[in-house]
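J.: Spelled out from the first residue to the last, the chains are:
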Amino acid sequence: MTVTKDQAREIAEAFRKSAKVVIKYREDNFQKISPAEYELLHESSNTLLSVSSFITTVAVGLAIDAMENPATELKNVIGLAQEKIKKIQSVGRIIRCVSSLVDLASCIIAKDPAAIVTSVANLNKQMTEKA
Amino acid sequence: MRFMTQGKRWLLTITASCIVMFAASCTNNLTAVREWSKTSLEATQYNELVDTYADTPARLKRYHNSGLWDVQIAMRMKQAEALKQILSVVTDYMGALTTLSADGTVAYSKDVNTLTDRIRKLDTGISGNTLGAVGSLGNTLLKAYQSKQVANIVGEANDPLQAILKGELREIINRDFRADLETEKVYIGSYYDHLLNKGHTSEAAKVALMEWKEMRLEQNARRMQAVAAYLKVLDKVSEGHQKLYENRKQLDKKTLIKDLFSLANELRQQIKILTQS
Chain A
1 MTVTKDQARE IAEAFRKSAK VVIKYREDNF QKISPAEYEL LHESSNTLLS VSSFITTVAV
61 GLAIDAMENP ATELKNVIGL AQEKIKKIQS VGRIIRCVSS LVDLASCIIA KDPAAIVTSV
121 ANLNKQMTEK A
Chain B
1001 MRFMTQGKRW LLTITASCIV MFAASCTNNL TAVREWSKTS LEATQYNELV DTYADTPARL
1061 KRYHNSGLWD VQIAMRMKQA EALKQILSVV TDYMGALTTL SADGTVAYSK DVNTLTDRIR
1121 KLDTGISGNT LGAVGSLGNT LLKAYQSKQV ANIVGEANDP LQAILKGELR EIINRDFRAD
1181 LETEKVYIGS YYDHLLNKGH TSEAAKVALM EWKEMRLEQN ARRMQAVAAY LKVLDKVSEG
1241 HQKLYENRKQ LDKKTLIKDL FSLANELRQQ IKILTQS
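Chains A and B supply the protein sequences, listed in that same order. According to my numbering, the first sequence is numbered sequentially starting from 1. According to my numbering, the second sequence is numbered sequentially starting from 1001.
If you are wondering where the hints come from, they were derived from the structure by calculation, not from laboratory data. Where a beta carbon is used, it is the ideal one built from N, C-alpha and C, also for glycine. Some clues are possibly wrong.
As the list claims (entries may be wrong) - Label-pair ranges, simulated between beta-carbon atoms: (1) B:Gln-1219 / A:Val-21: 19 to 27 Å; (2) A:Asn-69 / B:Gln-1219: 30 to 38 Å; (3) A:Val-3 / B:Lys-1166: 17 to 25 Å; (4) A:Val-3 / B:Gly-1067: 18 to 26 Å; (5) B:Met-1077 / A:Asn-69: 19 to 27 Å; (6) A:Ala-66 / B:Asn-1065: 27 to 35 Å; (7) A:Pro-35 / B:Ala-1204: 18 to 26 Å; (8) A:Ser-44 / B:Gln-1269: 38 to 46 Å; (9) B:Arg-1222 / A:Leu-80: 36 to 44 Å; (10) A:Glu-43 / B:Gly-1155: 25 to 33 Å; (11) A:Ile-33 / B:Lys-1166: 42 to 50 Å; (12) A:Asn-29 / B:Glu-1081: 43 to 51 Å; (13) A:Val-21 / B:Asp-1159: 42 to 50 Å.
Make the full structure from the sequences, and use the hints.
T.: Structure below.
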């Protein structure tokens, strides 16, 4: 027999409620019942509570399984967001490359050989820079 | 050197100014998105209640000796790992959204300024105003591009995120974590009442037992408070993302900005409760 997570939750609650009924009876009647009976009821309520706790663990396990798909989908979206962030950052790279190009152009216009060498090196660095 | 006629320069100036004005109207203020996603990230990081759940069988062992506890401890350790992974997917997403909406992501004003300075040095005859406008245009268009990317991501993420926040994760915390703490509360009451009713205890021992019972119940109540606070966190994150999703094409809408700032404030209040419990 397979149990669904909601059925497991209902069963866990039923066991807990039963334990509470037993405890209430035990405490209300502890002067009327024998010590042996008192101990038996105490042990019974403990068992009902431990079963309730165990079935809660089963319910959580079933619920975690049900979450697998949306978590995977969201993970994919995170990957997409990270790509977008990289893309935006590469726009900045393009601007820096264009800036280096203009710098080189100004050096050519100014006929400054030393500055041209520096600008070419700078441009080369911008073009080969990893994204 | 003069590359342009006076007329062409005026035309360029007017065109650039018009484009800047148009682009500025398309630009969105992402401060509220960033503030809300950053606070959501911070709030969802408080996952101590998962540890509380995982540790419950070990705590219950003191009230009742049963072989079932060790089996549960092993099962819950694995479950806690899975739950933390799911929560980390939510926090990772909030982190990505915070980065995507951050000013620093498209802060190229320095690069754009360098570019316009270099064009200015070329003495192309383009006026300083025009160059300034071109620089602003670059940054404005980048901001508009950034807003579009935020809108796309929010659109893609909403369904799976809501499925987690409003679905099973919420159910686990609201029903199972609460049920677990309720079981612990019954155990605490039963255990101490049993000891007190057994008799053969001195008055001093009775007082001590009563104090222990009170202390354990207080700890249990604080754990319950943490569960309630975390549920509110999930609800506020879910509400905020739904609003973002519905307004993703108008991220600068005044009501959205107001709502996101207000939700961020409410999240901070829950963070306070979570850090104190």
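J.: Each hint should be assessed against the structure and marked as holding or not.
T.: To see whether the hints hold, each was checked on the structure:
Taken as a hint, the range 19 to 27 Å holds for the pair Gln-1219 of chain B and Val-21 of chain A, whose Cβ atoms sit roughly 25 Å apart. Checked against the hint of 30 to 38 Å, the pair Asn-69 of chain A and Gln-1219 of chain B passes, with Cβ atoms roughly 36 Å apart. The hinted window of 17 to 25 Å between Val-3 of chain A and Lys-1166 of chain B holds, with their beta carbons roughly 24 Å apart. Val-3 of chain A and Gly-1067 of chain B have their C-beta atoms about 21 Å apart, which keeps the hinted 18 to 26 Å range intact.
For Met-1077 of chain B paired with Asn-69 of chain A, a C-beta distance near 24 Å keeps the hint of 19 to 27 Å intact. Between Ala-66 of chain A and Asn-1065 of chain B, the C-beta spacing of about 34 Å keeps the proposed range 27 to 35 Å intact. Separated by about 23 Å at the C-beta atoms, Pro-35 of chain A and Ala-1204 of chain B satisfy the suggested range of 18 to 26 Å. Between Ser-44 of chain A and Gln-1269 of chain B the beta carbons are some 43 Å apart, a value that agrees with the proposed interval 38 to 46 Å.
Roughly 40 Å separates the CB atoms of Arg-1222 of chain B and Leu-80 of chain A, a value that falls within the hinted 36 to 44 Å. Checked against the hint of 25 to 33 Å, the pair Glu-43 of chain A and Gly-1155 of chain B fails, with Cβ atoms roughly 57 Å apart. At about 48 Å, the CB distance of Ile-33 of chain A to Lys-1166 of chain B agrees with the hint of 42 to 50 Å. The hint said 43 to 51 Å for the Cβ distance between Asn-29 of chain A and Glu-1081 of chain B, and at roughly 45 Å that hint holds.
For the hinted restraint 42 to 50 Å between Val-21 of chain A and Asp-1159 of chain B, the CB-CB distance of approximately 43 Å keeps it satisfied.
Checked against the numbered hints given earlier, this structure breaks only hint 10.
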